[in-house]
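Protein chains in written order, with our numbering: chain G, 1 to 419; chain H, 1001 to 1316; chain E, 2001 to 2432.
No lab work stands behind these hints, which were simulated from the structure alone.
Don't take each hint at face value.
Listed next, the stretches of chain E that the computed footprint assigns to chain H, with coverage defined by at least 3 CB atoms under 8 Å from CB atoms of chain H [to be verified]:
1. 2194–2205
2. 2341–2354
Sample of chain G residues at the chain E side, in silico, Cβ under 7 Å [claimed, not checked]:
3. 80
4. 81
5. 86
6. 90
7. 110
8. 181
9. 182
10. 207
11. 208
12. 309
13. 413
Idealized CB from N, CA, C, for every residue including glycine.
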Amino acid sequence: MRQAVAIGSMVWALFAWPMPSASAQNIKIAYIDSFSGMMADVGDVATRQLRFAIERINNQKGGVLNGRKLELVLYDNKFSAQETVLAAQKAIDAGARIITQGNGSSIAAAISDFVTKYNERHPGREVIYLNFAAIDPILTNEKCSYWHFRWDAHSDIKLQALTNYIKSNQDIKNVYLINQDYSMGQAVRKTARDMLSDKRSDIKIVGDELHPIGRISDFAPYIAKIKASGADSVITANWGSDLALLIKAAGEASLHVNWFTFYAGGNGSPTAIKQANPEPGRVFYVVDGYANLGGKEAVLLEEEFRRTNGGKSIIYPQVIEMVEMLAIAINSSKTDDPKQLANALSKMKYTTIYGDEAFFRAADHQFFQDMYVASFVPLGGEVKFDEESSGWGWKTIAKIPASDTLLPTTCKMQNHPGQ
Amino acid sequence: MLQLAILSTLNGILYGMLLFLLASGLTLIFSVMGVLNFAHASFYMLGAYLGFQISQLAGFWVALVAAPLLVGGLGAAIERWGLRAVHKRGHGAELLFTFGLAIVIEELVQMVWGKLPVDYRVPAALNFHAFEVLGITYPAFRVFMLLMALGIFLLLFFVLTRSRLGLIIRAALTHPEMVSMLGHDVPKVFMLVFGAGCGLAGLAGVVAGPLLVTQPSMANTLGPILFVVVVFGGLGSVPGAFIASLTIGLVQTFAVSIDYSLGDALAGIGVGRPTDGVLRDIYSVPVAQVGPLIPYLILVLVLIFRPTGLMGARET
Amino acid sequence: MSSEARTEALTSQVSTADTVKRYSVWIATAAILTSLPAILSSGTALTTMSLMGIMIVFSLSYNMLLGQTGLLSFGHAVYYGLGGFFTVHAMNGFGGKALAIPLPLIPFVGGVTGLMFGIIFGSVSTRRAGTSFAMITLGLGELVASASPILPTFFGGEEGISTNRTTLPAFFGLRFGSQLETYYLIAAWCFVCAALMFAFTRTPLGRMSMAVRINPERTEFNGYSAAMVRFFVFCVSSFFAGVAGSLAAVNFELMTVASISARQSGTVLLMTFVGGVEHFIGPILGAILVVFLQSFLSDLTDAWMLYFGLLFVAVVVFAPGGLAGLIMLHAPLVRRSRLHRIIPYYAVMLLPIALGLVGAAGLVGMARILWANNSNATVHFLGVECHAGNPLAWGAAVLLMFAGLWLGRLWASRVSKVFVLLGHEPPKQVGR
């Protein structure tokens, strides 16, 4: 009996931890991501960019709605979808009504689902979810939600941009697909096949590989297969160590192919690429923007960011755009109520820091902007910024306008508050 | 096809040798002390990071000697002051200790060197292509690793079979109490073996670091496979570990090259392919994707049907 | 009277008061579980308590293997995860249909799944105990986890399978949409499962499992098959692990392969061991503590995982009985009503412990910031600003830590002497 009482009071005491009271003035943006464990560095990178963007709003523009500041609050989800749900609950409890995330489509799906259910069950206390990097197409198709907004071009759009470039490049004849074995990798592989057969039926797909994500230490066997297949180009949506190791193994085996990637600009990849000693202009990157594009605002931002963040580059320009557009939405709706914000964002048009005209599509809440294909070359000429002090940077090879990337969507939003 | 086969063999042997570098230490520790060192892969990681740090200051060749010694020394110290305290409480407690140790080492490494991969490069002296096979070059560094692993194997073999120390260790493999009663300082032997095992893991790390990206997750990637090798090869048997490492290295490498699936095989005899659901998954998965699964299958099967492993002297 | 009749007469004298006293712990626990949401009503508290309930069932099931039968399993999360996956598929299959299992009975799906896989995998795992068993469970766990990308229809790949608990038919009007209702569901199941598992320890099979742990050879000599005992306990344990998985599926409405991973198995091992394997209440304490730390410590510091690992190692080396063991150490004191006399000694112990912890935490904090290439950053520690690159700050932290250790050691021997004395001194005899 005494034990029960003792334990009960201990539990109660532990819970009587004071909850931080929400400062009524600040508008909280909860950023849920992995800050410990294997994927921690991507969380760190995005945090820096979020902070940078938020500080610009708070300092240079005096905040939003006449002086209210944006506040970034971090929540660690240890790269687990279940922890994410817990973190989202904590964030909402602490007064945040804006949740943002980007690393991991699996996490994104969990947040989108949770937010949708939460808003359904708690009308009047809705929250909104801003996704800056999770690019599984399903989030704006079958699993779309009125409360989810995606700033990064999803993998189908990126492939649309890429295959549009490949269409006009007659040097490419044999393509090898290699991707990580999860939803995004599988989506990429299927869509790549469909789009290539559609646009260049003469291109042969000589290989189609799925490997476990984050588990392969030595890609030499895969490189051997690529070589044996006679491919001249490889399309891969690999990120993190999976991309770094793949390219490293290719360098060691002197495999000379074109690398069409989505994440060669990601944290750690330029270093690995440089270390693998590829030929200049062989590694390509499909992205919505980088400093070497030359826009004045973009260059200024890049310089400022590198100065205050130890030389790191802006890998997620869409993060900066996201924060700016959020501020615009808040100011134009004169409120921080997610219902109005969602309304404002779903129709918003915006000029990116690279000078491109971009916009949200109301049907699926996907952001469309001009896409670029860039290749990794040594510094010189228009290539003014290098990546990760490697001496090499991104050079524009092709620009694909947003209008060419407007893929159809199967989204039927069922959670519109008006319904 | 031939090109693929040759390359797969080379790569398989190389991967197997890397596993052997690690597994040799682990099987020695397991055999002599009965403790399965969960933190073995963490010592490997520590070796890689220390190798990186020292090579920044004094070059790769100094690191090659210094880092394994440091890691081995650390291992011996942990055995003396940590593991020994837990030893009397049985193997379960020791397992748990090394389990916690693995977490602590990984976290400390992240704290000191950060969570990003570090730029650990192949030394300039070895950064060339050793030979060319049917159009694909083979880096000299990998050949170096191969030779090093072979050298270690021979060294271990000679120490264990021809030296007095080896004799004591081999005796302690099967009859630890008897060895102690004969007057040998068994705790000291334990400390030496643990330190040497960790040192070997550290050496594997120094050499593998430039080859595979040096990052905090490198321990978890290689960890589970190590246990497969040790159990498969059998307790108390360094040759067994050698054969097991090579087998698993080759199997995994070759599995990657095979793109056939069950559905392909069955279609050959006219069986249709299901279009939906779980059965479709099973039918269409190529052998290449199943590759990572194979070591664990081997582990389970070995433990069920032949617990002594390939060449083990005694059961687990 | 014959001896049987005498025994009969004696036992029938158990009064209501005695029954209440025997079950007092359970009654009190039920009362606490019911009233907790009234005291702690925020969304986070409810979610955390629900998670604790799930983990309590999971850890208790794990302790059936570890603490009772002496089986160290590294793959227990397989049954938890598979139970959860079968549950989400069942919920998705049943959603919206009239003839469906109501939500409160859904955890049976998980339990049966766990039992099924427990039988299949247990038949091969339990032939041997010890390290061999640990290795097989590790292998099976990794096997199932590696098989998950191959079966995306079932496992859902990286994003898992999601479900909606409100689509099942209403149970007496309850749709379980809110976290409060879900909490009560989990709390009810947790209570029932804990009671069942406690009862299990009192059954012959439960007793034999402890015998198998202590001396398998002797058990065999007494005619019991150690392997069969282990197998049966394994099956029962997997059943409850499956129930825990079901509850998790209901709570999160999402199931991912992370639930079958080695990491999940490691977490339950951590929880059970830190809580204490030698007492029934150990895993309960461990689950509560670890869930709490996982949820809240990560908000305070980045290095929480390091603290976790250190805590685990400390428990392994210094307190193998875990938290429960430490608490139960005081049982003789409680029995002699002398607990209050050791409290002043513990209170004095708090000072060196606090110093040591402050020093250590300061060191870790400064080390982290320093190595993050930011030696100009300052650490705000207890209201004092310490410059991370300042050797004085480092010196102070080191000093604090060693002072704490040294003082603690000095005082510890005194405390242990008093402890032994209080524990074993004969009680004052009345009338002498």
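Report the numbers of all earlier hints that the structure fails to satisfy, in ascending order.
1, 2, 10, 11, 12, 13
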